[in-house]
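Novice: Please take these sequences and the hints and turn them into a complete structure.
Residue numbers (UniProt numbering): 1 to 304.
Derived from the structure by calculation, the hints contain no laboratory data.
Given the structure is predicted, the values throughout are model-derived calculations rather than measurements.
Please note that the accuracy of each hint is not assured.
Said to hold, decoys possible - The calculated label-pair distances, taken between Cβ atoms and stated as ranges, are: (1) Arg215 / Ser3: 49 to 55 Å; (2) Gly209 / Asp2: 43 to 49 Å; (3) Pro14 / Ala191: 45 to 51 Å; (4) Val219 / Gln102: 26 to 32 Å; (5) Arg75 / Asp245: 26 to 32 Å; (6) Glu48 / Met113: 36 to 42 Å; (7) Ile49 / Ala297: 28 to 34 Å; (8) Arg215 / Glu101: 32 to 38 Å.
The beta carbon of each residue, even a glycine, is placed where N, CA and C say it ideally should be.
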Amino acid sequence: MDSDGLVEFERHRPRLFALAYRMLGSAAEAEDAVQETYLRWDATDRAEIRSAEAWLTTILVNLCRTWLDSARARRETYVGPWLPEPVRTGHGELGPLESAEQRELVSMAMLTMLERLTPAERAVFVLREAFGYAHREIADMLDLSVANSQQLYRRATRHVRQERPRFDATPDHVRALFEKFLGAAQSGDVAALESMFTADIVSTADGGGKFTAARRPVVGAGRVAHYIHGLVTRLLPGFPDVSIDFDEVNGGPAVVFRTAGAVLMIATIDVVGDRISALRMVLNPDKLAFFARAEQASTGGSAA
1 MDSDGLVEFE RHRPRLFALA YRMLGSAAEA EDAVQETYLR WDATDRAEIR
51 SAEAWLTTIL VNLCRTWLDS ARARRETYVG PWLPEPVRTG HGELGPLESA
101 EQRELVSMAM LTMLERLTPA ERAVFVLREA FGYAHREIAD MLDLSVANSQ
151 QLYRRATRHV RQERPRFDAT PDHVRALFEK FLGAAQSGDV AALESMFTAD
201 IVSTADGGGK FTAARRPVVG AGRVAHYIHG LVTRLLPGFP DVSIDFDEVN
251 GGPAVVFRTA GAVLMIATID VVGDRISALR MVLNPDKLAF FARAEQASTG
301 GSAA
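Specialist: Laid out in structure tokens, this is it:
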């Protein structure tokens, strides 16, 4: 590729990755989608392209729509619950997240919810909500009528609104509650854990069959409290050098568990008032690889 074409593509790369990740819920697949878009950009006659942003966005979002169909089939055979791949967001990795609404759109809760939409609904919702495209632009990108784009958006919004998590807690409040939760978990205080949960709390662990984790979500304050106690009892003796740190992941506070420098687990919570309403734990090492690489790159480290 000529240098001008490469420079132009690189200018759009961060936005393309942010879009692909919101569409796919997988950082690794988002990287692949961006690379495939680059290959098509390299192979086309760019003299005929009036807007690089529109052309690249159109190619990328339609690639993601196609990939979502095959991804859905793969996830039907996935071992245990499927959760999105966690991404660090403290340095603009997914674009500006300056408002609660922007953070909500990349949260683990929202990305999990978007899995229930059709590929077309998800594309319209992401383009409209996260990137502010007008329905005329979306219709052109997705080869739809404006009326169809509006209909898909209304349908997607209705699905999301039915189960949309409440994001009334500030990041500082979430972190403080997370710290209290960790203290109770490490001390083995099951009663304290239970008192911190909503009655209908749901704990979801994604081990992908590669790390021992509950194969189904655990529901209810008492059950989750005992489950967390058992998990900590099993986990910590097996990894005596575990370190626990906070980081910003998917727009909110998350806890990163490491052993011997390697990422072992990333956990996030949803908060309602002063209680935890959901706990999500990613333990599948395949889903932690992108996070680890990004972390190493930001600190100037190298992969082991």
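Novice: Please go over all the hints and tell whether each is borne out by the structure.
Specialist: The hints, checked one at a time:
1. Arg215 / Ser3: 49 to 55 Å: Holds - the Cβ-Cβ distance for Arg215 and Ser3, about 51 Å, lies within 49 to 55 Å.
2. Gly209 / Asp2: 43 to 49 Å: With Cβ atoms ~45 Å apart, the hint holds.
3. Pro14 / Ala191: 45 to 51 Å: holds, 46 Å
4. Val219 / Gln102: 26 to 32 Å: About 30 Å separates the Cβ atoms of Val219 and Gln102, which means 26 to 32 Å holds.
5. Arg75 / Asp245: 26 to 32 Å: holds, 30 Å
6. Glu48 / Met113: 36 to 42 Å: holds, 39 Å
7. Ile49 / Ala297: 28 to 34 Å: holds, 31 Å
8. Arg215 / Glu101: 32 to 38 Å: At 34 Å between Cβs, range holds.
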